[in-house]
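Can you make the complete structure from the sequences, with help from the hints?
Positions in the sequence shown are counted from 1; adding 6 to them yields this note's numbering.
These are computed hints drawn from the structure, not numbers from a lab.
Among the hints, erroneous ones may be present.
[As the list claims (entries may be wrong)] Derived EDC-like pairs: lysine to aspartate or glutamate, alpha-carbon spacing no greater than 16 Å straight-line:
(1) 280 - 196
(2) 280 - 202
(3) 111 - 202
(4) 326 - 338
(5) 325 - 338
(6) 325 - 335
[What the hints assert, rightly or not] The calculated label-pair distances, taken between Cβ atoms and stated as ranges, are:
(7) 41 - 182: 29 to 37 Å
(8) 194 - 311: 40 to 48 Å
(9) 247 - 40: 40 to 48 Å
(10) 54 - 332: 13 to 21 Å
Glycine included, every Cβ here is placed at the ideal spot set by N, Cα and C.
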Amino acid sequence: MSGSFSNNSATNCSGQDCQQNQSSGQSNQLVEMVFFWMITIVGIVGNSLVITVVKMIRSMRTTTNYLLVNVAVADITTLFFTAIHVIISRFRSFSSQALLSFLCKFIYTNSIVMVTLLVTSLTMTLLAFERYHALVKPLVMSRRLNNGNVAYAITGVWLVAIAMVTPLFASFDYNSTIGSCSLGDADTTEMVIYIDCLFVILTLIPFTVIAFCYSKIIYGMYFNNTICHNKSERSDTQEETREKRRLVTLLILLTVVFFIAFIPYGILLILYFKKISNANIVYVQQVAQYLTLLNCSVNPFIYAFQSSSYRRSFTFLVKKMFCRDTTVDAIELLEMRTRTSLRSV
Numbered sequence: 007m008s009g010s011f012s013n014n015s016a017t018n019c020s021g022q023d024c025q026q027n028q029s030s031g032q033s034n035q036l037v038e039m040v041f042f043w044m045i046t047i048v049g050i051v052g053n054s055l056v057i058t059v060v061k062m063i064r065s066m067r068t069t070t071n072y073l074l075v076n077v078a079v080a081d082i083t084t085l086f087f088t089a090i091h092v093i094i095s096r097f098r099s100f101s102s103q104a105l106l107s108f109l110c111k112f113i114y115t116n117s118i119v120m121v122t123l124l125v126t127s128l129t130m131t132l133l134a135f136e137r138y139h140a141l142v143k144p145l146v147m148s149r150r151l152n153n154g155n156v157a158y159a160i161t162g163v164w165l166v167a168i169a170m171v172t173p174l175f176a177s178f179d180y181n182s183t184i185g186s187c188s189l190g191d192a193d194t195t196e197m198v199i200y201i202d203c204l205f206v207i208l209t210l211i212p213f214t215v216i217a218f219c220y221s222k223i224i225y226g227m228y229f230n231n232t233i234c235h236n237k238s239e240r241s242d243t244q245e246e247t248r249e250k251r252r253l254v255t256l257l258i259l260l261t262v263v264f265f266i267a268f269i270p271y272g273i274l275l276i277l278y279f280k281k282i283s284n285a286n287i288v289y290v291q292q293v294a295q296y297l298t299l300l301n302c303s304v305n306p307f308i309y310a311f312q313s314s315s316y317r318r319s320f321t322f323l324v325k326k327m328f329c330r331d332t333t334v335d336a337i338e339l340l341e342m343r344t345r346t347s348l349r350s351v
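This is how it looks when you write it as structure tokens:
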């Protein structure tokens, strides 16, 4: 599960062929590192913008956006610890057994990334659940998340994710005999069962819940018109209906991108703990790592592309950072805040 960004290649060659292979390998590593740091920096900056606009702009402080902020925090954590992993992997001359044990538990084996992936998966499930109750069952207030209880839900997500990955933290340790990280005294069969269960919890259960929630929302919005046309209360305007549909599309797109990015990583985990290794595994490892990083970096662009609220907020914040005139943007945000206060779901 160690990263493939570090230099761990070995080549048996001689003469001119060896020099050409080394030169080609160095060029590939350089391209990989440039690509990696571009993804990391863009992802950290983009997700920081998401957090900042929700904090600064009052109209953006909705339950859905707080959950999206939680996804942004998880993405930043993933990118940060992956960067730490890449940096530390360049320096393997540590002599402290305690430090090596700590690095094996939290850095070299990417266990922290497992926590953040779980957080993202559970948060996506919460988002689907929240939209389902807000749009399909708006009168059942007892089950709805709101600004008063969403913090408890987010805290619970992190605690559950950490608890679920604790067996990995406890099992991984530095093995001085082989000079690398290992599972220590953990039973391999038990760990395989544990990873299989973790994969199910990360993918199948959330996917089932999310598919149910969004299928009900789509059916109500586009087929029987029970959403946005409720006769028991004021019907939505065309603009409000469009915004709700864009939000649902945004959340579905985020979910699909996340699962596409995670599936190779989950397969890699299962193969790793089953000790299945061949040349193709290295390729799967590289694809999985880059897909995970890209997923963490692309989310802010999805927000900006799909949501007019985020688009306006990003524009306002960037202009303010560069001391540009934000009068028009401030007026648009004020109008958006007024609409949100009049009609918030």
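Hints, verified against the model:
1. 280 - 196: holds (11 Å)
2. 280 - 202: holds (10 Å)
3. 111 - 202: violated (20 Å)
4. 326 - 338: holds (15 Å)
5. 325 - 338: holds (14 Å)
6. 325 - 335: holds (9 Å)
7. 41 - 182: 29 to 37 Å: Hint holds: Cβ distance 35 Å, inside 29 to 37 Å.
8. 194 - 311: 40 to 48 Å: Hint holds: Cβ distance 45 Å, inside 40 to 48 Å.
9. 247 - 40: 40 to 48 Å: holds (44 Å)
10. 54 - 332: 13 to 21 Å: holds (19 Å)
Going down the numbered hints, you'll see the structure goes against just number 3.
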